[in-house]
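Enquirer: Next come the chains, spelled out residue by residue.
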Amino acid sequence: MTVEQLTPDQKTAEQHRFYLNLGPQHPSTHGVLRVVLEMDGEWVLNPQPDLGFGHRMHEKMGESRSWPQFFANVGRMDYVNAMAFNHGYAGLIERAAGIEVPLRAEYIRVITAELNRVASHLLWLGAFILDLGAFTPILYTFDDRESILDILEDITGSRLTYSYFRVGGVMQDIDDTFITKTKQFIQQLRNRFPMYETLVSNNVIIHHRMKGIGVISQEMARRYGVTGAVLRGSGIAYDVRKNAPYSVYPEFDFDVPVGKNGDCMDRYTVKFAEMEQSLRIIEQALDKLPDGEFRTKVKGKIKLNPGMTSFSVETARGELTFLLIGDGSDVPYRLKIRVPSFSNLSVMPELCSDMLLSDLVTTMGSFDLVIPEIDR
Amino acid sequence: MDNLIGTMARIISYAVILIAFGFANAIIMGYLERKLAARIQRRPGPMEVGPHGIYQLFVDGVKIIGKQLIVPKDVDGVLFRIAPILAFAPVVLPFIVIPFSQKLQARDFNLGLLFIVTIASINVLTIVMAGWASNNKYSLFGAMRSVAQNISFEVPVLISILCIALMTGTYSMQGIVKAQGNVWFILIQPVAFIIYFIAGLAETNRNPFDLPEAESELTAGFHTEYSGFGFSLFVIAEYANMFLVCSIATVLFLGGWHGIPLPFFEYTGAVWFLAKVYVLMVVMVWIRWTFPRVRFDQLLNFSWKYLIPFSLVNLLVTAICIKLFPLLKEML
Amino acid sequence: MNGYFRDLYMGSKSLLTGMGITFKAVFQPMVTVQYPREKIEVTPNIRGRLFMVKDTETHTHRCIVCNRCANECPSSCIYLEGVKQEDVKGRVLSRYVYDFTTCSLCGNCVDVCPVSAIAFSCEYELASFSKEDFIFDLLKEVEENR
Chain A
1 MTVEQLTPDQ
11 KTAEQHRFYL
21 NLGPQHPSTH
31 GVLRVVLEMD
41 GEWVLNPQPD
51 LGFGHRMHEK
61 MGESRSWPQF
71 FANVGRMDYV
81 NAMAFNHGYA
91 GLIERAAGIE
101 VPLRAEYIRV
111 ITAELNRVAS
121 HLLWLGAFIL
131 DLGAFTPILY
141 TFDDRESILD
151 ILEDITGSRL
161 TYSYFRVGGV
171 MQDIDDTFIT
181 KTKQFIQQLR
191 NRFPMYETLV
201 SNNVIIHHRM
211 KGIGVISQEM
221 ARRYGVTGAV
231 LRGSGIAYDV
241 RKNAPYSVYP
251 EFDFDVPVGK
261 NGDCMDRYTV
271 KFAEMEQSLR
281 IIEQALDKLP
291 DGEFRTKVKG
301 KIKLNPGMTS
311 FSVETARGEL
321 TFLLIGDGSD
331 VPYRLKIRVP
341 SFSNLSVMPE
351 LCSDMLLSDL
361 VTTMGSFDLV
371 IPEIDR
Chain B
1 MDNLIGTMAR
11 IISYAVILIA
21 FGFANAIIMG
31 YLERKLAARI
41 QRRPGPMEVG
51 PHGIYQLFVD
61 GVKIIGKQLI
71 VPKDVDGVLF
81 RIAPILAFAP
91 VVLPFIVIPF
101 SQKLQARDFN
111 LGLLFIVTIA
121 SINVLTIVMA
131 GWASNNKYSL
141 FGAMRSVAQN
151 ISFEVPVLIS
161 ILCIALMTGT
171 YSMQGIVKAQ
181 GNVWFILIQP
191 VAFIIYFIAG
201 LAETNRNPFD
211 LPEAESELTA
221 GFHTEYSGFG
231 FSLFVIAEYA
241 NMFLVCSIAT
251 VLFLGGWHGI
261 PLPFFEYTGA
271 VWFLAKVYVL
281 MVVMVWIRWT
291 FPRVRFDQLL
301 NFSWKYLIPF
311 SLVNLLVTAI
321 CIKLFPLLKE
331 ML
Chain C
1 MNGYFRDLYM
11 GSKSLLTGMG
21 ITFKAVFQPM
31 VTVQYPREKI
41 EVTPNIRGRL
51 FMVKDTETHT
61 HRCIVCNRCA
71 NECPSSCIYL
81 EGVKQEDVKG
91 RVLSRYVYDF
101 TTCSLCGNCV
111 DVCPVSAIAF
121 SCEYELASFS
131 KEDFIFDLLK
141 EVEENR
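So the sequence lines, in the order shown, correspond to chains A, B and C. Straight run, no breaks: the first sequence in this note's numbering ends on number 376. Straight run, no breaks: the second sequence in this note's numbering ends on number 332. Straight run, no breaks: the third sequence in this note's numbering ends on number 146.
Next comes chain A alone, as it looks inside the complex (with noise of 0.2 Å):
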């Protein structure tokens, strides 16, 4: 159809509609993250997002680098979750290999990992927050998480992207200082989740701009795939340390918070009560720490089974999936990666079309997206 043969009021629509940009530098877009959104006045009409900003072909560097130099790359992918990308690709060479990991360092990788989630999502707080125009309570999230990274640093040695477990183990021990700071810290947290309650889930401004925004059918999210709390928020409970467990996740008594609209406020509770599961998780862990070794020692190379091998994770975001295609050598032949901010993603252009832009601003916080992570 050619413009001529627009009526008058198609012609007037057409002319309002514009193309906006929320670049790749903007102060929201969790990462380097371009959306091409068509826009009429304030409403977004169909928003596209444009990835590939950030791709450092770290599956290309999966397939020339053995087990010990990968590990360096897995945990930049998402570095605010690093520890639960070390787990699955241990487990998935350990699964590979055939190789057993001893208790004591299994309980050891469940205490560091769900002290991981606690901090990415207290980062995620702070930084949704952030996007709605409140400046304060990202400066308290990041308060709590200093506990939590110094903690994690007495260990591993570094603060945000862990390369600490290796095949057969973790690369250090946990003594007992790091046992009580655990402790107080699961305390404290535990008193200050009362202020954010008051501050931030009950009020009124939040409230309204959250309610109802955003609302993912259960369809919809089967049909995307999408995982994590996005799915969890939708009524659908579903959370890989449940329903695939791995590790020593069957040992432990948690509970799945799920929420009933799949709106942007569900998403939020879900998120925020996870913590406190994540807490309740190290807490068992710590009491039922058995003692033996921490590292099983592998002679040599690993030679990784012939076939595909598969290992999935719950991260902070979602489920993680690794996929090997092995050939007998050292090096896999193919490394394939599933990352969960990906699907939570796609699910952009029919979710947000026909909505304001603030709207689409606070949905992408919610999703919790990390971009580099979705770029690999």
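Hints are supplied without guarantee of correctness; some may be wrong.
Cut-off 25 Å, straight-line C-alpha distance, at most; resulting in silico cross-link-like pairs (SDA-like, lysine to any residue) [stated by the list, open to error]:
| id | chain 1 | residue 1 | chain 2 | residue 2 |
| --- | --- | --- | --- | --- |
| 1 | B | 73 | B | 137 |
| 2 | A | 211 | C | 8 |
| 3 | A | 211 | C | 80 |
| 4 | C | 13 | A | 213 |
| 5 | A | 297 | A | 154 |
Since the hints were made in silico from the structure, they are not lab data.
Starting from the known structure of chain A, arrange chains B and C on it as the hints suggest.
Expert: Just chains B and C, lined up with the frame of chain A:
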């Protein structure tokens, strides 16, 4: 002839003093805001330059004057360059009628209050000018939002002010202050004070109503393309606007320069006036650093569905009380 | 009509309690330090740049020039050379070049070394104006007692 020279000298000296006061206010408020925001966030704030960072804003001013004035290609040349200056003018002009103390007032118009409200509503035009001339879609967004926001919050401001004017029967600022000799008007009209304060906060584009310059959505809104001195003029204008709103609130509701008597009270009453104004400004800063932003349609919702009905009811009740209780009017 | 007033009341109450929290935060102790003037103690376990360990008994390094650290490094930042000397079994280290500009502190070299010849130091304040300052010669450093 003598009268002409005297008048010209007086006009020029008042202009210089008031503009200098606007700049001084920006320096003090800038420091206060940064320190207070830092304390709310549990960090020290500026500490390097001078003891506890007192000279920080002076050094910032020198730096910002020395910056290059970048004018992007394809902007509307004249409008882009004069928008910051025009943003500064309508907020400093009403300082003429503000009674700092009994004798410290530039000019006492009979229609002082009306004058202030008229001039202060011009600054919407300058925001639109800046947003349009920048040739940037984000700036245009900010400008359009600010038009609707400012217009819809003018109405509660006007109605609240009208309640006070009904009570005192005069628009002159000095007259309103004198009428509060016995009791401050906030005790008689608390609802009007709250409505005026919230609507005034929205007029100055501060959080939680800072959509025109929403940082995390629009990358700085209508002043995205400005750098250097043009940007700082917008900031100074915003602080001067805050001062204006708070000083009107002080004059109308908190008793102006009334307070515990000091020696030379005709001049030193300004101390009480400034203290009250700065307390209100601290409350504004406190609100800014606590709450998130409201969404645009919720903003207009709030004004038309909550503030305006309450202020109209307040006006009605005031009018009825004035007619039914002439004694009350006598006392005031 | 009832909901209108209830919304207003609950909304204002939540706003005022939120303001109360930030007010209380003004009087709580500060959590930041002003970095160049005051420093925080770091734990001895952090991963700073590498250094060669000086053995307390032999008063020299322990390297046996097996080249495993150089092979394991994913970024190829270690390069070593050894020479054969008479009446000494194996090779003797003559050069050990460590390029810190590409090191990612992954720990493979420390992990795989059979004699624990290299370790992480605690130096994290490394800033300089030229790239050559970060190509370290660890053998020279251990001989000079660094």
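Enquirer: For each hint, tell me whether it holds in the structure or not.
Expert: Results for each hint:
no., hint, in the structure
1, 73/B to 137/B, "14 Å, holds"
2, 211/A to 8/C, "17 Å, holds"
3, 211/A to 80/C, "62 Å, violated"
4, 13/C to 213/A, "24 Å, holds"
5, 297/A to 154/A, "23 Å, holds"
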